[in-house]
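Turn these sequences into a full structure, and let the hints steer you where they fit.
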Amino acid sequence: MVERKKGLVLAAAVIVALALVPFFTVREYVFSILCMLFLYVTLSQSWNILGGYTGQINVGQAAFFGMGALVARLLWVAGVPFYLSILAGGLGSVILAIIIGLPALKLRGHYFAIGTLAVATIAQITVGNILPGISFLPAQQMATYSLIPRYYVFLIIMAAALAVIYFTVNSRVGLGMEATRDDEEAAQMVGVNTFKYKMIAFLISSFFAGLAGGGFAYFNASYYWYLPFTLMWCFEPILIVFIGGVGSFLGPVIGSVCYVLLKELFALTLGEANLLIFGIVFILTILFFPKGVIGLPAKLRQLFYRRGNVVGR
Amino acid sequence: MQSRRFTLVMAAVAFILFSFVSAVALAQEAPKSIKIGASISLTGRFAAGGIDVADGYKLAVKHINDKGGILVKQFNKKIPVELVIYDDESDPSKTVTRLEKLNAEKVVAYLGEFASDMNIAGLGIAEKNKIPWVGVTIAVENVFNQGFKYIFGPNMFSFMEVAAFLDALDKIPENQRPKKIANFELQVDWGKECTKYLHEYAKKKGYTIALERKFAPDTKDFSSMIMAAKSAGCDAVFAVPTPPQSMTLIKQMKELDYAPKATCFVRGPDLSNFWQVMGKDANYIMTSGEWTPDMPYPGNKQLVADYRKQYPNKLMGMPVGNGYSAFQVLADAISRAEKLDRESIRQALTTTSIVTVKGKVTFDKRGVGNVPHALAQWQNGKLVVIVSPDYKTAPVLVATPWSKRK
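Protein sequence lines, in the order shown, are assigned to chains D and L.
For the first sequence, the positions run 1 to 313 when this note's numbering is used.
For the second sequence, the positions run 314 to 719 when this note's numbering is used.
Among the hints, a few may not be true.
[To be verified] These stretches of chain L come out as covered by chain D in the derived footprint (C-beta under 8 Å, 3 or more residues): (1) 438-447; (2) 609-622.
[Stated by the list, open to error] Straight-line distance between alpha carbons at most 35 Å, and here's what the computed DSBU-like set of lysine-lysine pairs gives: (3) LYS593/L - LYS263/D; (4) LYS375/L - LYS263/D; (5) LYS263/D - LYS390/L; (6) LYS263/D - LYS678/L; (7) LYS348/L - LYS263/D; (8) LYS509/L - LYS263/D; (9) LYS263/D - LYS627/L.
[Claimed, not checked] These stretches of chain D come out as covered by chain L in the derived footprint (C-beta under 8 Å, 3 or more residues): (10) 125-136; (11) 182-196.
Read the hints as simulated data drawn from the structure, not as lab findings.
All C-beta atoms, glycine included, are put in the ideal place defined by N, C-alpha and C.
Okay, here's the thing in structure tokens:
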């Protein structure tokens with residue numbers, strides 16, 4: 001309990017420190033990288049509550065991310081204040097999740113994964129057909145564009161996602177989710193309403209994916225309407241969670257830091273070889289640290305004790 | 314008397330001091346290099362085109378630096394160019410951060426990239442950061458109708474592609490000339506723009522759009538469109554498919570025995586490996602002729618020779634020439650700018666008038682390039698220019714039925 005309190009205080013201190021960054025630097029590059037980092041933390045954390053804690057592998061996160069971006073951008077460009085637009089984006093994704101979740105969450109295992117991937121693909125094609133053009137910011141908004149408010153929007157969304165998911169997974173609801181993940185049939189046998197917990201996880205997941213999409217719409221000056229619906233947004237959160245550690249609270253945070261900052265470093269220093277090197281690092285992580293980077297200390301401890309035993313003989 | 318002498322001496326000292334201070338202030342030190350930045354897809358799905366564009370840029374830098382760099386008026390001396398290229402991994406989100414990184418590194422201008430997704434993300438950042446952006450392959454005119462000031466597209470646009478296609482039809486002898494055009498519209502803004510201009514220009518020139526069908530960027534089966542065009546008796550086809558789609562379209566047209574007299578696919582057949590992939594089926598296909606290795610414009614021979622020397626095993630695609638030409642446009646603007654700053658370079662770009670390796674380039678008030686609208690056709694394994702406003706080109710060949718081709 002004391003450890004948990006210490007952790008919460010530390011997390012709050014980190015968020016406050018991040019909120020102070022604009023007082024110490026004006027470099028837009030720093031803000032753009034941190035915005036991407038916060039976006040990926042939110043998106044991967046939103047995937048983790050459904051995939052990592054509840055065991056439902058959602059391969060269609062792009063549909064919810066894209067829906068949030070679409071609703072937020074349309075409203076914002078039409079004159080609605082950006083914070084309301086982003087919130088509406090999150091709610092739009094929740095509505096989509098309710099429509100999809102009711103039938104899709106009856107599916108299990110691979111069928112659920114394939115079903116969500118199908119939804120994302122349909123969403124991408126539909127938006128591409130209906131809105132084949134480019135979304136530009138009006139010239140007036142372009143003239144006053146600044147990264148600092150975007151930085152705070154992403155920071156607030158990330159902090160909200162971390163707080164909501166943390167308290168959810170550490171509550172009775174979280175226990176229900178984990179019971180569903182570990183053995184759905186056994187959980188049902190002892191009276192756990194697994195559908196309810198899957199649905200709660202799905203709604204929280206899609207809400208924050210939608211908010212992240214809203215942040216994307218607020219951040220980008222110009223992009224093709226279909227861009228936030230591309231399948232890249234399905235696979236990147238999964239990749240990040242696997243790098244950091246599936247089903248752990250800090251896994252997506254660590255995974256995002258590795259994914260965004262390491263990739264940035266590789267891209268700026270290694271040129272065309274950067275993806276190859278990153279791919280090798282990823283494969284090695286999965287092979288030797290299947291629990292992700294977060295499992296690294298335990299793995300090292302295990303190795304250390306094994307070696308100690310050998311020496312002791 | 315003494316006080317007068319004293320006043321004169323003091324005045325002389327003040328004058329000397331003033332002159333010295335002014336000279337020191339004016340004689341700013343010239344930078345060691347002119348930093349220009351580009352975020353390009355060197356990896357990922359658009360890497361093939363991105364690497365070609367980067368090769369074009371690098372060769373242009375080499376040629377400029379071999380002559381000492383660009384003459385900058387502000388310092389009255391030549392300063393070498395430093396090109397900084399970062400890989401965006403074919404991901405528009407990365408384009409944004411890479412361009413911010415380049416902004417932090419104080420580049421004086423951005424250069425564009427191969428694929429639209431990245432270009433669209435990039436030009437918003439350029440406008441926001443007030444850094445001139447010179448594109449390479451941005452054919453959508455609508456982008457330039459947003460009131461942006463820092464965006465320049467020294468390349469062919471949708472209306473030029475359509476005009477070149479209709480000019481090619483005009484060159485066909487009247488007794489063989491196609492009259493009924495089938496328009497296969499790609500469901501993106503570029504496709505829509507082409508449709509708009511095709512209707513407008515075809516009407517003026519007396520051609521009929523006898524059939525119109527829409528298709529998505531990931532469509533793989535075109536049989537119903539092809540059969541509809543065949544049934545409607547269309548003897549010419551125009552489309553801007555993706556490169557893989559243009560190959561699929563031709564294969565399916567052959568399978569369904571549909572051989573219109575003129576077929577123009579703006580994207581795909583312009584790539585250097587098209588003949589290798591399609592073989593003789595590529596014959597008679599028309600495509601963008603924006604740049605080819607045979608163009609007679611100054612500097613083109615040297616570009617081709619040096620590229621082949623540097624990359625003996627690589628085929629030379631159109632983006633190489635386009636990239637080289639874009640760099641020439643930017644270098645020219647830097648040399649004409651009063652100062653080596655972003656705003657002066659932007660101002661200079663607006664008055665561009667330079668003959669590059671693909672012909673003369675100027676810009677309208679929006680930044681839309683006015684370049685020679687050219688069309689090329691595959692003729693026995695060679696992509697030859699059949700329409701050019703600047704020089705005599707090869708004749709347009711009318712396609713024969715599939716059954717009569719050897």
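A quick look at each hint next to the structure:
| no. | hint | result |
| --- | --- | --- |
| 1 | 438-447 | holds (count 4) |
| 2 | 609-622 | violated (count 0) |
| 3 | LYS593/L - LYS263/D | violated (44 Å) |
| 4 | LYS375/L - LYS263/D | holds (29 Å) |
| 5 | LYS263/D - LYS390/L | violated (39 Å) |
| 6 | LYS263/D - LYS678/L | violated (39 Å) |
| 7 | LYS348/L - LYS263/D | holds (24 Å) |
| 8 | LYS509/L - LYS263/D | violated (42 Å) |
| 9 | LYS263/D - LYS627/L | holds (29 Å) |
| 10 | 125-136 | holds (count 7) |
| 11 | 182-196 | violated (count 0) |
Checked against the numbered hints above, the structure breaks hints 2, 3, 5, 6, 8, 11 and satisfies the rest.
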